[in-house]
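Undergrad: Chain by chain, the residues run as shown.
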Amino acid sequence: MAFEYLPVQYFAQLKNIEDFNNYVSVLVLLDDLLCRYDSVPRHPEYLPSGRNSEQVGTPELLSEPMRTCVNKISSDDLRWILERNINIALNLYEARATEQIEIIDFLAELVRQYSELIHPAVYPGMAG
Amino acid sequence: MAATYYSTTTFLTLAINKHLYGGKHFTYVAEGFFPYGKGNPKSSNPLLIYMDLYQPWKDRDQYDKFIAQHRMSVRKGILAREKDGAITPSMATDLNRVADRIHLDFFYPVVYRVKSDISSLIAKGRAVLAGSGLTGSREYLIQDLDDLEFDIYFDDNQTTKYGNLRELTGYYAGQEYALRELTFWS
Chain A
1 MAFEYLPVQY FAQLKNIEDF NNYVSVLVLL DDLLCRYDSV PRHPEYLPSG
51 RNSEQVGTPE LLSEPMRTCV NKISSDDLRW ILERNINIAL NLYEARATEQ
101 IEIIDFLAEL VRQYSELIHP AVYPGMAG
Chain B
1 MAATYYSTTT FLTLAINKHL YGGKHFTYVA EGFFPYGKGN PKSSNPLLIY
51 MDLYQPWKDR DQYDKFIAQH RMSVRKGILA REKDGAITPS MATDLNRVAD
101 RIHLDFFYPV VYRVKSDISS LIAKGRAVLA GSGLTGSREY LIQDLDDLEF
151 DIYFDDNQTT KYGNLRELTG YYAGQEYALR ELTFWS
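Sequence lines, in order, name chains A and B.
The opening residue of the first sequence carries number 1 in the numbering used here; numbering runs sequentially from there.
The opening residue of the second sequence carries number 1 in the numbering used here; numbering runs sequentially from there.
To be clear, the hints were calculated from the coordinates, so they are not data collected in a lab.
As the structure is a prediction and not an experimental result, all values here were calculated from the model.
No false leads were mixed into what you were given.
Here are some of the chain A residues that sit facing chain B, going by a computed Cβ distance under 8 Å: (1) VAL24; (2) ASP31; (3) LEU47; (4) SER115.
Here a beta-carbon is modelled for each residue, glycine too, at the ideal position from N, C-alpha and C.
Let the sequences and hints guide you as you build the complete structure.
TA: Put into structure tokens, the structure is as follows:
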């Protein structure tokens with residue numbers, strides 16, 4: 001249940017700013033789902049007003065915005081990778097009592113991927 | 001004597017909260033600046049968070065993991081505030097770029113010291129046990145801490161990049177003016 005890395009040959013598909021932002025939005029929401037179980041636990045931060053604070057960092061709160069972001073992406077390849085990662089993250093969340101090492105690995109790969117995507121060579125609209 | 005609650009964040013989030021989110025701060029607060037021996041993990045220890053932010057700021061380490069995670073946290077806030085309607089989709093797009101790309105100087109840590117008595121915030125339902133607070137430490141989540149309810153410590157970065165973002169909430173005629181200052185460095 002490892003994080004599914006976006007292959008380098010797909011990076012060009014992120015030059016569409018809307019696809020890029022929705023792709024990264026799903027990554028950060030996946031982080032919000034699992035960050036309490038990281039090696040150094042972190043706080044979930046996605047909580048729209050009017051929502052119960054007890055829902056923060058749960059699939060009940062995060063699944064809908066993840067789905068919304070995925071559905072806005074035009075690239076089939078990007079959507080497919082995200083679908084895989086959502087399923088992996090939800091499975092890890094369900095098994096969080098016993099799968100902390102896998103969660104830590106998943107989050108480490110996720111932040112590594114994020115760091116690569118925001119590099120000027122990849123970021124949409126930058127000369128790179 | 002009432003306990004004092006603190007939170008550590010960055011100038012970036014301070015500026016966004018003031019000038020784009022109406023002076024409302026989504027904040028996890030801990031009892032004491034260094035809540036040693038109170039069961040708080042590192043993520044709810046304002047002193048340790050300060051150190052985690054200060055060191056990559058000082059080293060200009062743009063590949064630091066903690067900085068990248070802070071950038072992702074800013075994005076989570078953008079998603080929530082766009083959902084609220086506090087910012088437009090267009091502003092959210094520009095703010096996402098700020099979160100992802102803004103100069104490391106904006107990650108200088110600042111500390112909030114809550115002036116209000118936490119028990120009154122709890123009584124009003126504005127401070128709720130959260131994070132490690134649910135398992136015994138002294139930590140609360142305040143979703144809408146107002147500018148007037150806390151003091152800011154260590155906001156002493158001498159950079160000129162902050163421009164008018166140091167000003168109080170309401171300084172700008174509109175959110176877009178503050179956003180322009182942030183995107184300039186992003």
